[in-house]
Amino acid sequence: MRLKDYVYVLGEYNCDKHCPYCIAKMNKKETLSFDEELNLLNEKLKDFKEKNVKIEHFILSGNGEPSLYKYEQLKFIRDLVMESNVFEDYRIQTSGNLFMDKEKLELFDSWLKEITVVTSNAKYDQEFYNYKKNYLSSKAFLNSHRIRVNIVILKNNLEHIGNVISYYDKLECVETMALKILDNSLNSTIESKWISENAIDYCQIDEIINEVLKDNIFVNFINKKFVFKTKNSKFLTIHYSENNTYDVFNLNKDFSFHNRKIKKGIYGEFSKIEEELDEAREALEQENKLMYLIELSDIVGAIEGVIERFGLDLNDLIKFSNKVKESKTYE
6 MRLKDYVYVL GEYNCDKHCP YCIAKMNKKE TLSFDEELNL LNEKLKDFKE
56 KNVKIEHFIL SGNGEPSLYK YEQLKFIRDL VMESNVFEDY RIQTSGNLFM
106 DKEKLELFDS WLKEITVVTS NAKYDQEFYN YKKNYLSSKA FLNSHRIRVN
156 IVILKNNLEH IGNVISYYDK LECVETMALK ILDNSLNSTI ESKWISENAI
206 DYCQIDEIIN EVLKDNIFVN FINKKFVFKT KNSKFLTIHY SENNTYDVFN
256 LNKDFSFHNR KIKKGIYGEF SKIEEELDEA REALEQENKL MYLIELSDIV
306 GAIEGVIERF GLDLNDLIKF SNKVKESKTY E
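First residue of the sequence shown? That's 6 in this note's numbering, and the numbers climb one at a time after it.
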């Protein structure tokens, strides 16, 4: 079995940023000790290996800033996951503090380092998040490599988002970028209220896409995200949370790609393939090329869900398809 991501969240809240939309503060949870967390990770890795599970990304995150943990603790986690041979690649999410600690930065040198910003202006970003050291202008950041930039989409930066993307696209240290739509827990916290007043909602995805398409090329829609390619051939994605996926949009009274009701299928069953075929037909009826391409990619995903039930993966189906082409026998 092959999975996309495994996110390991360190539970202790400790952060040097003051995000007005702080997810940790908005959704407070009981935390475990470091030893308890490590035991759970150990058990999970053993389970993955026993079941021969391969995962594309290990993502080290935190209920705050993971790089504020001790060097020895971080090294133990790094060595443990890299020696497990379960993961293909590794990422660490950071407030930027990682670039202020040479020893810890070197520890994760080969990892993709994931930062979150609202602008390309280093001084404004520092003021917005209220952190002490301006890492975006530091030599450690600019001379680093393997950096992923998450750009938070807000009401007051959407019209400038093209310039923000262009700036980070030109930086050699930046490998990939993603536009981030904030999830709102809709509770009584000040963070939830701030998101309601300042953030772009999921139903405004068409506005975001229109801004992105001005300077970037649409590539695909896969694994619940839009994928674009920038002028410098870097990948740019627009992500969705599990509770705000593309499939849900068709049920949202405020937003719909489709002009007629389409029967929903069940992932892993043939009904899901039928659903995606119907949506592709409807996209053709609308003469909407972008949506048609997206639905074609969804058909592939629906097929993949069916064949996984037989213990196979998409590559097995592609190999058989190629054999059919070679024999020039078409059913």
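Please note that a few of the clues may not be correct.
Stated by the list, open to error - Within a straight-line C-alpha distance of at most 20 Å, the following computed DMTMM-like cross-link-like pairs (lysine to aspartate or glutamate) qualify:
1. K59 / D318
2. K9 / E119
3. K230 / D211
4. K175 / D130
5. K185 / E216
6. K230 / E216
7. K185 / D10
8. K51 / E41
9. K51 / D10
10. K198 / D211
Just so you know, the hints here were simulated from the structure itself, not pulled from any lab data.
Note that the structure is a prediction, hence the values are computed from the model and not measured.
The hints, checked one at a time:
1. K59 / D318: Roughly 13 Å between the alpha carbons, so the hint for K59 and D318 holds.
2. K9 / E119: The hint holds at about 17 Å.
3. K230 / D211: Within the cut-off at roughly 13 Å; holds.
4. K175 / D130: With Cα atoms ~18 Å apart, K175 and D130 stay inside 20 Å; holds.
5. K185 / E216: At roughly 14 Å apart (the allowed maximum being 20 Å), E216 and K185 satisfy the hint.
6. K230 / E216: Holds - the C-alpha atoms of E216 and K230 are around 16 Å apart, at most 20 Å.
7. K185 / D10: Holds, at roughly 17 Å.
8. K51 / E41: Holds, at about 16 Å.
9. K51 / D10: Distance of about 17 Å is within 20 Å: holds.
10. K198 / D211: violated (24 Å)
Checked against the numbered hints above, the structure violates only hint 10.
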